[in-house]
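There are 2 protein chains.
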Amino acid sequence: MILALAGGVGGARLAQGLVQALGPGELAIVVNVGDDFEHLGLHVSPDIDTVMYTLGGVQNPETGWGRAGETWNFLATLGAIGGDTWFRLGDSDLAVHVERTRRLHSGDPLSRITADFCRGFGIAHAVMPATDDRLRTFVETREGELAFQDYFVRRRCEPAVRGFRFEGAQDARASAPLAALAAPGAARIDGIVFCPSNPWLSVAPLLAVRELAALVDAPGIPVVAVSPIVGGDAVKGPAAKIMRELDLPVDVSGVVAHYGRRVDGWVIDERDRRFAGPIEGAGHRVTVTDTMMTSPGRAAGLARTVLALLDTLRAG
Amino acid sequence: MILALAGGVGGARLAQGLVQALGPGELAIVVNVGDDFEHLGLHVSPDIDTVMYTLGGVQNPETGWGRAGETWNFLATLGAIGGDTWFRLGDSDLAVHVERTRRLHSGDPLSRITADFCRGFGIAHAVMPATDDRLRTFVETREGELAFQDYFVRRRCEPAVRGFRFEGAQDARASAPLAALAAPGAARIDGIVFCPSNPWLSVAPLLAVRELAALVDAPGIPVVAVSPIVGGDAVKGPAAKIMRELDLPVDVSGVVAHYGRRVDGWVIDERDRRFAGPIEGAGHRVTVTDTMMTSPGRAAGLARTVLALLDTLRAG
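Protein sequence lines correspond, in order, to chains A and B.
As numbered in the working numbering, residues 1 to 316 make up the first sequence, in order.
As numbered in the working numbering, residues 1 to 316 make up the second sequence, in order.
Nothing false has been slipped in among the hints.
Some residues of chain B that are not near chain A, with every Cβ distance over 10 Å (derived):
(1) Gln20
(2) Gly57
(3) Arg134
(4) Glu158
(5) Pro177
(6) Thr305
Here are the computed distance ranges between Cβ atoms for each label pair:
(7) B:Gly122 - A:Glu211: 53 to 59 Å
(8) B:Gly144 - A:Ala124: 41 to 47 Å
(9) B:Gly23 - A:Arg119: 52 to 58 Å
(10) A:Ser106 - B:Gly232: 43 to 49 Å
(11) A:Ala124 - B:His105: 35 to 41 Å
(12) A:Ala124 - B:Leu246: 51 to 57 Å
(13) A:Pro61 - B:Gly107: 39 to 45 Å
(14) A:Glu26 - B:Gly122: 56 to 62 Å
(15) A:Arg119 - B:Ser295: 45 to 51 Å
The set of hints was computed from the structure by calculation and includes no laboratory data.
Computed from a predicted structure; not experimentally measured.
Note that CB positions come from ideal geometry on N, CA and C, so glycine has one too.
Go ahead and model the full structure; you've got the sequences and the hints to work with.
Structure representation (structure tokens):
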């Protein structure tokens, strides 16, 4: 059993590779909920939906979020009657927010709702939120603290970042299916994968769930990370900008230093080959490969490389 | 100032005629909320929306409800993830339910929300719910009591009707704009129009609001009704079926008897000319005309006939 820790787009792409390489009983995809928020009275789970749409084959490949062939009639009418349109909700997309909200209000945990929705999208592998409890990412900026979506969507990541706060993390328990995977007597966890998601905005709120951090830090479970920084920039999103604002070196070494001993093996891009030596010198195993997941086939190839590195680490 | 009491389709059509005949300061359309219900956690106001879409020129002329050119991607996805799809919510239509629900939860009264939405749809005339309070129609049937939409949509009006209950009517106050129209010092109400809406399902829950019934029964305000029964059948909807089930004569005389002294003047269809004499004999004024509102122009013509009868009644 392999656990993959995923945020949005980059996480979803590697997850898409992993499901091609592993059977449904061999993989669990644990998804960030720090980006979740209430909008128009609806509970939106952007990262869960990106993973779900990608694995379900209905994602919009151009934006990385939302659905292919989406229509926008809801939003057009919402604008006409004076509603908030800064967060773009497509017509098809809206169904998961409305039904999720209804079920949450009726008392269903997010993990059960997510499992049911994924079944509806024909997904055989387990996709689960890190926690069923409320956990929300806040971004500390030079302009004050912003709720995640206010920072990410409304302000387009413009305010300079100083730090992060994961509201609710102290009390957040592992989601029911994640707790079952970690329970004594469950199938052995053979490895953990940090997908190439933003280390501060996507992976940090996952690791803020203490039971998940404990799994990551457990001796005997190798952890492999795929660098989200390639050639001195993020493949997608504000990771590089955030690293600059936090006075970190904007290259693979900055991410390696950030995760430290939590990660045993690194998969880095060919363009960053010069970092392989120093990372190995710091005590990690390194695989250098083309990490650009420009197609599902390439994502599957990267997934196999990740799994091979986990095998190597397990073999000692 | 003329008050028009409206349910769904028939009410919306006559309202469309009245707005062509009267200026914005001369007409208020008071709409039934007994059909309102909570669905998928959303507050749906079917009659308000039918009136709003019709006056806004975006209604679906074929179904009588919903919007023209509607898309159904929300519902398709909702079905795929196991949600309830028996009540058909279109993508554009959904915006008013989501935003109305959000604003109701934030404490805005339904009447203010309705006024804002109507402005968004370019409607100059006042459209208002009968009440801002909770008032819900329940239908007593041979199979037990059913919430209105369970009877009307889910069961397609099949269960035989025995009676009606308007939950919340005892405590329902007139909506804020309706109370303002009825207040001492407001512009004089020159007449009240019962649109050709279902007398039991649409007009009865309007009259269940005591302040509105008091206006209807006030001496000096003439009341004109347009018969929803033409040629022994309802123009649309289950009115005739309900009359049979309640052992009423299924013709104009049954509706005239139902409203009794509340209505001063009747507008009936040419096909029911033979009822004009008996209705006049019972003390009402009667105008016989073509009441089929098959176009906005015909609706305007019917509206002018209604207003002329109100003039006649006012002149005594």
